[in-house]
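Chains as they are written, first to last, in our numbering: chain A, 225 to 616; chain B, 225 to 616.
Since the hints were made in silico from the structure, they are not lab data.
If you're wondering where the values come from, they're calculated on a predicted model, not measured in any experiment.
Hints are supplied without guarantee of correctness; some may be wrong.
In this list, chains with the same sequence are indistinguishable; a pair is considered to hold if it fits within one copy or across any two.
[To be verified] In the EDC-like style, the derived pairs of lysine to aspartate or glutamate whose C-alpha atoms are separated by at most 20 Å in a straight line are:
no. : residue 1 : residue 2
1   : K501      : E489
2   : K226      : E437
3   : K542      : D441
4   : K456      : E444
Protein chains: 2
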Amino acid sequence: MKKKNILYFQSGGPTAVINASLAGLVLSALKSPSIGEIYGARYGIEGVLDGDFTNLRGLSENDLNLLTQTPGMYLGSSRKNLPEDLSSPLYEKIKEKLLSFEIDCVFVNGGNDSMLTAAKLFRSFSLHDIPISVIGIPKTIDNDLVGFDHTLGYASAALHTVSLTKSIAIDGFSYKEGKIQIVETMGRDTGWLAASTDLLEEPYHPDLILVPELPIDHKEFLNELKGIYEKKKRALVVLSEGINHNAPKEKDPFGHMNFEGAAYEWSALIRKALGLKSRVSVLSSPMRSDPVLASQVDIDEALRASEAALSFFLDGKKGVMPAISRISNNPYRVEFHPVSLDSVGGKILYMPKEYLKDHHSFSEGFRDYLRPLLRKRTLFTDGCGVFMSLKR
Amino acid sequence: MKKKNILYFQSGGPTAVINASLAGLVLSALKSPSIGEIYGARYGIEGVLDGDFTNLRGLSENDLNLLTQTPGMYLGSSRKNLPEDLSSPLYEKIKEKLLSFEIDCVFVNGGNDSMLTAAKLFRSFSLHDIPISVIGIPKTIDNDLVGFDHTLGYASAALHTVSLTKSIAIDGFSYKEGKIQIVETMGRDTGWLAASTDLLEEPYHPDLILVPELPIDHKEFLNELKGIYEKKKRALVVLSEGINHNAPKEKDPFGHMNFEGAAYEWSALIRKALGLKSRVSVLSSPMRSDPVLASQVDIDEALRASEAALSFFLDGKKGVMPAISRISNNPYRVEFHPVSLDSVGGKILYMPKEYLKDHHSFSEGFRDYLRPLLRKRTLFTDGCGVFMSLKR
Chain A
225 MKKKNILYFQ SGGPTAVINA SLAGLVLSAL KSPSIGEIYG ARYGIEGVLD
275 GDFTNLRGLS ENDLNLLTQT PGMYLGSSRK NLPEDLSSPL YEKIKEKLLS
325 FEIDCVFVNG GNDSMLTAAK LFRSFSLHDI PISVIGIPKT IDNDLVGFDH
375 TLGYASAALH TVSLTKSIAI DGFSYKEGKI QIVETMGRDT GWLAASTDLL
425 EEPYHPDLIL VPELPIDHKE FLNELKGIYE KKKRALVVLS EGINHNAPKE
475 KDPFGHMNFE GAAYEWSALI RKALGLKSRV SVLSSPMRSD PVLASQVDID
525 EALRASEAAL SFFLDGKKGV MPAISRISNN PYRVEFHPVS LDSVGGKILY
575 MPKEYLKDHH SFSEGFRDYL RPLLRKRTLF TDGCGVFMSL KR
Chain B
225 MKKKNILYFQ SGGPTAVINA SLAGLVLSAL KSPSIGEIYG ARYGIEGVLD
275 GDFTNLRGLS ENDLNLLTQT PGMYLGSSRK NLPEDLSSPL YEKIKEKLLS
325 FEIDCVFVNG GNDSMLTAAK LFRSFSLHDI PISVIGIPKT IDNDLVGFDH
375 TLGYASAALH TVSLTKSIAI DGFSYKEGKI QIVETMGRDT GWLAASTDLL
425 EEPYHPDLIL VPELPIDHKE FLNELKGIYE KKKRALVVLS EGINHNAPKE
475 KDPFGHMNFE GAAYEWSALI RKALGLKSRV SVLSSPMRSD PVLASQVDID
525 EALRASEAAL SFFLDGKKGV MPAISRISNN PYRVEFHPVS LDSVGGKILY
575 MPKEYLKDHH SFSEGFRDYL RPLLRKRTLF TDGCGVFMSL KR
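All chains should be modelled from the sequences, with the hints used to inform the complete structure.
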């Protein structure tokens, strides 16, 4: 029987473990006698369009090990959106490239927007009866994929957030009368990342954790903060970049708002209304690219999810991706089951109501949910880490 | 002979090793048969005024070990400035408190502003022939104490900055056409911390490193950036919070500007003038409070500087502090010699001309200077660290 050729590409924003997903797929493919060529496309869907493919069988065992601890995106990404109209010549161009390389399956490693890309690809192949499978591999620090217990990349970003917020809280205890400390986390429309700081114990627990799922107006916020400051002479506010829906912002190619910098708007509000000084930390890119605080659970699951993705393809599945289900919390155990790309692509998983309590903390259920995910990796000796170079 | 009582207090902003200084002083004092009571004042000079003293002999060996890896300020700080007028009743009040506790020496652990406080204290004692010594213990992440090779706290803050900037650089390589990434570091009027990122090797080296010592106007900056972006389709800019001297800002009690948020101003400038998107990371408080990336050299030197400070007092010295001198760079060796508080207090050490080159990199001399300082500590197993609680 003819061996099957596969193509893998990375899509969307980086996470601390997306290269572990790549390593996991190659490791699983190398073990399978049914797999022929293992290609990677450079810079996502743009590399597919350009036929800019690299042979991933060329990666050594050492390379694959290094990739499991390398953040960023080894093959590079693209934020290009594919047209809704499946008769667009773009799909014809993609099809030609794939057929010329005799690709049997395309693996798309990305988040909700990327799964929309993957779903469109799959629809266009189905429409024209092209026998190429499309399989998704989950990825997003935002933790907002519907049908998932959690996403690959979230645990590492949460661990970074919790650790740095603890440092910030410690800093705040230096003064009898402190500033208002504001920490801005990523997370786009959802509060999963900001909420992770709820794991911090007193006296390091944030005084307010603001997430888009639990709106707060300026007046209520200032009242709350005033009360906290009067009592404690300091306050630590963690806010999700997406809380400030009212401010006019730029949109990305998928129509999402760019929420960055919300903390400075709230900081200005505090200064103006309460006359209190604040200090802002914008965690930003290191949340998704800090290898020092990557979660070992995240890395292990990235390897396993890719293994599952390959097995779905070998089992003849099409247009699906492995969703993570938790089958036991104590001991912590997960399994991977196929969900359709259509059910994930472009959709957003908000924090469920049972996890939300008030602006001060989340439910014990949420903390139980999060705790097992944050197991720190074994650290390498060089503080800045030893990685694969991303210079292409 | 009557044993000598000492009082220690912390002053200014936190560093990752200021509690190691405290531990070092107590460890050295416990070993000395000449030392009687070892007091710590809570919340800096305010605790001295209030007689809010705690007995540091009560710290166990385990506590002292924990303190060497605890960021923040265990005893708490104050930003209170003492009056220039030495006849102010404040000095009389301080004197009474110290005499009532039979204090023979006050150790002030702080940076340039705090050494001004220490110098004023010492002048007021001298003026009234009060036989209390004042000894400084150096501390500031800004690295701006005159007469010092480097300051305690700088190495750890630089290590944090280098590590996170590397993560940010890695993140930037994910896209063929990337954003302008802007990293804002602390450092007040000097560029020592921003400059530390010059240690990053290609392809992770910043494209522009902006420090107050090497001014750049908006036009020159935008021209440089335009050239870089046209060539690389991405750019990484590291800027010291103090570069933007023109913007109206708040002043602190010592008359210093609050520079925070400069990166957003430059980001807006880039968007407006070049139409390019940017992503800002404001490293802020974790730079000085991140225990995970503390430098082992910094911790070791904090212990040794406190030992030197105590020996200066026991040798009968007054109004001095231990400055760090490098006696050899390969192998790296330093010694501590006394400098007068007056020569340090309120003064600022800028980066010397021989370290400055252009906006792209610094001299090899600067990199040789910095490299030996950044030796990562042995990591504890818990990602978030095990510390002394700072809840007082």
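* Is it within, between, both, or neither for K501 and E489, if the alpha carbons may be no more than 20 Å apart? -> Both: 13 Å inside a copy, 19 Å across copies.
* Asked: How do K226 and E437 come out at 20 Å by Cα distance, when the copy is not named: within, between, both, or neither?
  -> For K226 and E437, neither the intra-copy (51 Å) nor the inter-copy (66 Å) Cα distance is at most 20 Å.
* To do: Could you place K456 and E444 in one of the four classes (within, between, both, neither) given a Cα distance threshold of 20 Å?
  => within (18 Å within a copy, 46 Å between copies)
* Is the C-alpha distance from K542 to D441 at most 20 Å within one copy, between copies, in both cases, or in neither? -> neither (45 Å within a copy, 56 Å between copies)
Figure legend: structure checked against the earlier numbered hints; hints not met, in rising order: 2, 3.
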